[in-house]
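Novice: Protein chains in written order, with the working numbering: chain A, 552 to 1361; chain B, 149 to 414; chain C, 3 to 197; chain D, 4 to 225.
These aren't lab readings, by the way, just hints derived from the structure by calculation. Quick reminder that beta carbons are idealized off the backbone N, C-alpha and C, glycines included. Worth double-checking, as some hints may not be accurate.
[As the list claims (entries may be wrong)] Straight-line alpha carbon distances no greater than 30 Å define the calculated DSSO-like cross-link-like pairs of lysine-lysine that follow:
| # | chain 1 | residue 1 | chain 2 | residue 2 |
| --- | --- | --- | --- | --- |
| 1 | A | 935 | C | 111 |
| 2 | A | 912 | C | 47 |
| 3 | C | 107 | A | 935 |
| 4 | C | 182 | A | 1092 |
| 5 | A | 945 | C | 133 |
| 6 | A | 668 | C | 150 |
| 7 | C | 145 | A | 889 |
| 8 | A | 855 | C | 182 |
| 9 | A | 1016 | C | 122 |
| 10 | C | 153 | A | 674 |
| 11 | A | 975 | C | 133 |
| 12 | C | 122 | A | 884 |
| 13 | C | 47 | B | 292 |
| 14 | B | 183 | A | 1301 |
| 15 | A | 916 | C | 111 |
| 16 | A | 1285 | A | 1301 |
| 17 | A | 935 | C | 126 |
| 18 | C | 145 | A | 1216 |
| 19 | C | 42 | A | 1023 |
| 20 | A | 829 | A | 1147 |
| 21 | A | 945 | C | 182 |
| 22 | A | 912 | C | 126 |
| 23 | B | 326 | A | 1301 |
| 24 | A | 935 | C | 47 |
| 25 | A | 1279 | B | 351 |
| 26 | C | 111 | C | 42 |
| 27 | A | 855 | A | 668 |
| 28 | D | 79 | D | 203 |
| 29 | A | 819 | C | 150 |
| 30 | A | 1048 | A | 829 |
| 31 | A | 1092 | A | 1051 |
| 32 | A | 945 | A | 975 |
| 33 | D | 105 | B | 151 |
| 34 | A | 819 | A | 688 |
| 35 | C | 153 | A | 916 |
[Stated by the list, open to error] Simulated restraints on C-beta separations:
| # | chain 1 | residue 1 | chain 2 | residue 2 | range |
| --- | --- | --- | --- | --- | --- |
| 36 | D | 210 | B | 392 | 37 to 45 Å |
| 37 | C | 130 | B | 194 | 44 to 52 Å |
| 38 | C | 108 | A | 825 | 29 to 37 Å |
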Amino acid sequence: MTNHYIDLKNSDCILIMGSNAAEHHPIAFKWILRAKEQNGATLIHVDPRYTRTSARCDFHVPLRSGTDIAFLGGMINYIIANNKWFKDYVLNYTNASFIVGQDYFFKDGLFSGYDAKTRKYDKATWVLEKEGNGIPKRDMSLQNPRCVFQMLKEHYSRYTLEKVSSITGVSKEDLVKVYAAYSATGVPDKAGTECYALGWTHHTTGSQIIRTMSIIQLLLGNMGIAGGGVNALRGEPNVQGSTDHAILYNILPGYLKMPTGSLDTLEKYLHKCTPESKDPQSANYYQNYPKFFVSFLMSMFHDKATKENEFGYSWLPKMDDGAAYSLMHLFDKMYEGKIKGLFAVGTDPAVSSPNAGKVRKALEKLDWMVGENIFNNETYAFWKGPGVDPQKVKTEVFLLPASASMEKEGSQSNSGRWVQWKYKAAEAPGDAIPVGELTIKIMAEIKALYAKEGGVCPEPILNLKWDYTDYKGRFDSLKVAKQINGYFLEDTVIEDKDKKTKTEFKKGQLVPTFGNLQLDGSTSSGNWVMAGSFTAEGENKMAKRGKEDSTGLGLYPNWSYAWPVNRRIIYNRASCDVNGNPYNPKRKLLAWVGDKWVGDVPDGPWPPQANKEKGKYPFIMKQDGLGALFGPGMVEGPFPEHYEPLEGPLAQNPMSSQRINPAIKIFNSELDKVANADEKFPYVCTTYSCTEHWCSGAYTRWQMWLLEMQPELYVEIGEVLAKERGIKNAEKVKVSSVRGEVECVAMVTKRFRPFTVEGKTVHQVGLPFNYGWLFPEGGSDSTNLLTPTVGDANTFCPEYKAFMVNVSKL
Amino acid sequence: MKKMELVKLIDTTRCTACRGCQVACKQWNELPGLKTKNWGSYQNPPDLQWNTWTLIRFNEVADKDNRVKWLFRKDGCMHCTDAACVKVCPSGALYHTEYGTVGIHHERCIGCKECMAACPFEIPKYDRDTDKVYKCDLCYSRIKDDQQPACVKSCPTGALSIGAKDAMIKKAYDRVKKLGGDANVYGDQFVDGTHVIYVLQEKPEMYDHLPKHPRVPFSVVAWKDFLKPISLLAAGGVLAGSFLHYIIHGPKTPDDIQENKTQGGE
Amino acid sequence: MEITRRGFLSLSGVIGSGLVLSPLGIDLKPMMAYAEELNKMNRIKAAKQSTTVCSYCSVGCGLICSVDKLTGKIINMEGDPDHPINEGSLCAKGAGLFDTTEANKHRLKKVLYRAPMSDKWEEKEMDWALKRIARLVKDTRDKGFVTKNAKGELVNRCENIGHLGSSNVDNEECWLMSVKARALGLIYIDHQARV
Amino acid sequence: MKKGMIQATDAFERITHWLLAISCLVLCITGLGMMFHSFNFVGTMMGGLKSLKYVHNFTALIFIVALYMAVRMWWKEAGVFVLPEDLDWIKAAGGYLWHVDKVPEVGKYNPGQKAFFLVVALCGSLMVVTGLIMWAPLIFPVWLVRWMYPLHALGFVAIFSFFFVHLYLGTIGSPGSAPAMFSGWVTRAWLLKQHPKWLKEMEEHGTLVVYGEEKESIEHGH
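Construct all of the structure, not just a fragment, from the sequences and the given hints.
Specialist: See below:
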């Protein structure tokens, strides 16, 4: 989230698209409803199905699964064509005026630089032109046909109401209703926000859907303001934290990039990863990247990391250039028999992974698996799952009992980046201990083995700093938290040239902000974005419980700690005009008063950008300091484009001859079947969670209060389709895709209705993904037996939200 | 000691059917979850049960323009002022608390199920294992300690609130005025006013299981208000009559034994 | 404490009747008073309170755990009214969080081990399991470690062990796992951020 | 036992009578305990109202059996009015309420007793039906169940009233009656006063059993 949950109350128009906020973030919905009551905000729900969210919104607009970019592209077209964009903001805070490189082009669904063989783009032509001094070229009149604004306008002029309506199945009236209501926020004193969740990310075009929305928000001036932003309502209690700390193949803690084989030295790596800007007004904060990275290596290897050994850079594993190692890749390799061991901590991929049938077959090829959890699940017990003969499965399985959340001390980060400290209320039952303690103990045993026996590449293991237990030998979360924050490893004097101050820090003191991190190995920080979660004196800011709210906007700066540097709304300097006066005086997030910013913690202390000498642009983490309407970051193009889902009802993409996202990876095992526009699987299917369960249901199905409310798998079918198929409410039916099938209860409902797409009737059905064979008995099996192994081209989020099925009576 | 009369307001126009209240109720009152099956609805258990004192009901309706509406209603004890259940309860298990709500002393309940038949809202539910009847007591143990009932406390969106009777009724009518359309207040107009009132988004008949004109059943009135005093009168009458008969008319004593003998000798 | 009606009725059950005919004239008042004294509210008032954060979605709602001082067990969990985000309220899952405590009889309490080709779990000691796991990790890593890739670049990675999860543990635990995986040289690292 | 006493009832009749009477009495008392909160103390004496409920419900089963036996046994004798003599008797109120020179002669059961029997039989049945439905109310529609309670109460009022009159007339209101249901032997004088016609009939049919005399005629009677 660029903003945070309470901030939703500051909005004038809330577009909920790709999210079922009322069902999955009921407390977020508290703040959404408060916006309606306090500001008279319009609540809009755009979603294939009518849900509890729709019931409370001003209007619900159903669209066919997987057509979000078309829907939003139409909105960009509407905003530009009807002159709804916020000119002052677009001119000053976005790259609208930049000139796109001459070699860049877009034709029939493909951008310049595509290689069909590798399904990859060479981004060399996706550049912005620069003056001789390295500063980007700009045309502030926005008339240059090669300027970003004109290119954007041209690209989205293809998304006419007729076209969008035909693709999405939304009537033109409904399109205009949403576009008009939302684009009304493109004025200084109105804020519009967007809430999304897995409804957007679970597509082969997920990242680009989000980018399309970011473009809209930039055009309307809704980024960096109270009640604005593009807000991911994330689904797990600490998915923000687990991402921040990089339990992901492609990043290291603090969003540092995972090194690749070609970057064989630290210097090469840092050069590649550190962006450069010649524009004096661009803060380009990532110029500090090397300090963050070296401090991270120091936290890992401590005194074993020296300048001479590149702070242990060579000990880090390196990815192959251009390769990916996501969940789907992991199970693909496992299915090939190349993965021998697996740690599965608090996770249930046998239910939650796409094409779960393949995942289960893959698990049988493991030599060993270590599970850590508070309940058993289908992954740990895969060897006695449906159709599996245990006597033929060689896998050794360990299931270690873990402490539940309230049985351990530590911090959790919510989607609004609030890192909140929680306390241990009681001991865990039996032999259960925190996952942290299991991790410490397993690694300690491994370290001991390598110390005793030696082995292949033992250095990173033996040199890893690993003293995170208390005097009783138990997990000490405070010790880890401080290591994440970071220490001064030597006596250091920090000099502030602007303020002409010098501050002395002693060796062993905590780093009070990431601004103090050093390149020379004199500081450590396990995760630079968390540097500042403690004061130098050791006060834990994450445990703060102050209720002061001076802005009245619900920032609560003294409640817990928000990264970075307790900033509650990211890019908040964009809430003011170039002179630092708030665009909306009623919601004063920040203001330049005298010689300083007042309000939220600003994105840097510099004056507003009208001050040509010292002023900086607001988007300080961007190389150019401005919001990117033209964004070369994504792998499938600088402007989002509509592509059909891997499996859909149409044989052709109405927008171009590229039916599917040209940059997605296609998996080719014999279990990766696809059935596009196939009459055997005529219905669009989407999957989702329900309020009463959580993720794979591996926690919630063991809880009778919750199970009682949603006891078994169901498929929601519209009344028209049900009648066509002769299915009655509560009857047992079979839902099948080309990959698998599940039995479930039919829930015949008025809430699903057929779409008219490209002139033909398309039915959509939906199933929750919260069930598995292990428990409860008769609760049916995983919906993911149906879903395809395919994911977003940037993030590899699987496409759970759009594929094709058939439904038949049992 | 008479305390302030409390009213719980259920504003269905704010409810998202997250069912936090349904679980919070079970958590606080230590009621188990039981095995259910999907019967083609989100609403589960299908009805109130001895272990489910508050239940979100889901209603799918299509309006005149064929637009779908999904109505949510939290069902549970209405805490009537003229409470049929209290009237009929033989053991005094059901009673009016000092807040005007209807409390239940489970230890006194004898499982006669009379309240189940009497309640116009079909709220009390019977459990065979304990042979007792259960229903919401508006978290008497909590309100006594100035805590909100568990359901009210858990409600994320402010659909549930509790407060002084007059203030809550006013709040309900203000809300209805603001909403316009078919919105209406339900609860204060019958059984001398319930201590749970609704702001309904639609007319009452649009909601499942919500009586349009709830009232104490005539049979209960006939019995409790009419037959009961009559029966006392009748019993008293018989006693008095017998006594009067004895002292005025005297017993019917057999005649002289000799006479009988003569007859017997025939 | 198991969540059953028994628990609920164990106090009132004393007073409940059944078919046993008792002698005349029991005065019920003292027993009622006893039950009253031990009602949940009073037990909570006597308990130790501590705050925690909900472990489901990412809104980050605050809760208060009440812990019985005698048994050390959690007896109640409800919303933290001081918390600025949820202001004491909770959704269905949050309100039911108590059922993830020891009160839930399905919680794992012992190390479970499944031997190759076996069709059942066996309970094992933690220390044994940790040693065995370390042995397997080392043997697997030593066998599958890749120092140089096909292009001859130094990659120092372990390609035959995967690490999944988790978004449902604390930051400190995440960081430890992240760092542990890197020290082992793992590259197949993922969790629920994608799913 | 004095010689010359006449057997009015046999053991089976008496057992049936007392089974009915005692169960009815218990039902009345326990019923009262539930009907009025001021009578709840009745339950306390039984270890709580719940026990009282069980006593009430299971006594009802005895009552049902007794009622069935009684109706079967007495229906022919007490369930049918004989005209016109019964009408005459009723017109004279059996001589109970005002002075009547000559009370019409009655047989084994006078119309008052017959009326009582009918009330017991009909109201008893009503109580059984309503009571059973109240016992298992969940399998019947609510509108039906709701009316069972007032009907049950109504039946109670009727039975209770007649029960008390019966008690009075069976004891102090009509001295000499009680032994008919205790020992079964009554005096000839009582019989002559209360049931002269029956006496005559028995004498005519030779079914009269007199204490200390040969009982040969009993066998004939059957």
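Novice: If a hint holds in the structure, say so; if it doesn't, say that too.
Specialist: A quick look at each hint next to the structure:
Restraint check: the Cα-Cα separation between residue 935(A) and residue 111(C) comes to about 21 Å, which is no more than 30 Å; the hinted pair holds. About 53 Å separates the Cα atoms of residue 912(A) and residue 47(C), which puts this hinted pair outside 30 Å; it is violated. Distance restraint check for residue 107(C) and residue 935(A): the Cα-Cα separation of roughly 22 Å lies within the 30 Å cut-off, and the hinted pair is therefore satisfied. Under the criterion of a C-alpha separation no larger than 30 Å, the hint pairing residue 182(C) with residue 1092(A) is consistent with the structure, at around 26 Å.
About 20 Å separates the Cα atoms of residue 945(A) and residue 133(C), which keeps this hinted pair within 30 Å; it holds. Under the criterion of a C-alpha separation no larger than 30 Å, the hint pairing residue 668(A) with residue 150(C) is consistent with the structure, at around 26 Å. Using a Cα cut-off of 30 Å, the hinted pair residue 145(C) and residue 889(A) holds, with the two alpha carbons roughly 12 Å apart. Pair hint residue 855(A) plus residue 182(C) holds up; C-alpha atoms about 16 Å apart against a cutoff of 30 Å.
Between residue 1016(A) and residue 122(C) the CA atoms are separated by roughly 38 Å; this puts the pair beyond 30 Å, and the hint is violated. A hinted pair counts as satisfied when its Cα atoms are at most 30 Å apart, and residue 153(C) with residue 674(A) qualifies at roughly 23 Å. The hinted pair formed by residue 975(A) and residue 133(C) meets the criterion: a straight-line CA distance of about 28 Å does not exceed 30 Å. Pair hint residue 122(C) plus residue 884(A) holds up; C-alpha atoms about 27 Å apart against a cutoff of 30 Å.
At most 30 Å may separate the alpha-carbon atoms for a hinted pair to count; residue 47(C) and residue 292(B) meet this at roughly 13 Å. Proximity of residue 183(B) to residue 1301(A) is assessed by CA-CA distance (about 27 Å); at most 30 Å being required, the pair is judged to hold. Only pairs whose Cα atoms come within 30 Å are accepted, and residue 916(A) paired with residue 111(C) is accepted, the gap being roughly 28 Å. Simply put, residue 1285(A) and residue 1301(A) have alpha-carbon atoms about 20 Å apart, close enough for the 30 Å limit, and the pair holds.
With a C-alpha separation of about 19 Å, the suggested pairing of residue 935(A) with residue 126(C) holds against the 30 Å cut-off. Taking the CA atoms of residue 145(C) and residue 1216(A), the gap is about 29 Å. The hint holds against a cut of 30 Å. Between the alpha carbons of residue 42(C) and residue 1023(A) the distance comes to roughly 35 Å, so the proposed pair goes past 30 Å and is violated. Of the supplied pair hints, the one linking residue 829(A) and residue 1147(A) holds, its CA atoms being roughly 25 Å apart against a limit of 30 Å.
Among the hinted pairs, residue 945(A) with residue 182(C) is consistent with the structure: their alpha-carbon atoms are about 26 Å apart, no more than 30 Å. A hinted pair counts as satisfied when its Cα atoms are at most 30 Å apart, and residue 912(A) with residue 126(C) qualifies at roughly 27 Å. Taking the CA atoms of residue 326(B) and residue 1301(A), the gap is near 28 Å; set against the 30 Å cutoff, the hint holds. Between the alpha carbons of residue 935(A) and residue 47(C) the distance comes to roughly 47 Å, so the proposed pair goes past 30 Å and is violated.
About 28 Å separates the Cα atoms of residue 1279(A) and residue 351(B), which keeps this hinted pair within 30 Å; it holds. A C-alpha spacing of about 27 Å is found between residue 111(C) and residue 42(C), which places the hinted pair at or below 30 Å, so the restraint holds. Restraint check: the Cα-Cα separation between residue 855(A) and residue 668(A) comes to about 45 Å, which exceeds 30 Å; the hinted pair is violated. Taken as a hint, the residue 79(D) and residue 203(D) pair is honoured in the structure, with Cα atoms around 19 Å apart against an allowance of 30 Å.
Between residue 819(A) and residue 150(C), the direct Cα distance comes to roughly 18 Å. Compliance with the 30 Å bound is thereby established for this hinted pair. A hinted pair counts as satisfied when its Cα atoms are at most 30 Å apart, and residue 1048(A) with residue 829(A) qualifies at roughly 21 Å. A threshold of 30 Å between alpha carbons decides the hint, and for residue 1092(A) with residue 1051(A) the separation of about 27 Å falls inside it, so the pair holds. Taking the CA atoms of residue 945(A) and residue 975(A), the gap is near 39 Å; set against the 30 Å cutoff, the hint is violated.
Between residue 105(D) and residue 151(B) the alpha-carbon distance is near 70 Å, which puts this suggested pair outside the 30 Å criterion. Distance hint between residue 819(A) and residue 688(A) is fulfilled; the C-alpha atoms sit about 29 Å from each other, no more than 30 Å. This hinted pair checks out: residue 153(C) and residue 916(A) have alpha carbons roughly 28 Å apart, not beyond 30 Å. For residue 210(D) and residue 392(B), the hinted distance range of 37 to 45 Å is satisfied, since their beta carbons lie about 39 Å from each other.
Hint check: residue 130(C) to residue 194(B), Cβ distance near 49 Å, so the stated range 44 to 52 Å holds. Taken as a hint, the range 29 to 37 Å is violated for the pair residue 108(C) and residue 825(A), whose Cβ atoms sit roughly 50 Å apart.
In summary, the numbered hints that this structure violates are 2, 9, 19, 24, 27, 32, 33, 38.
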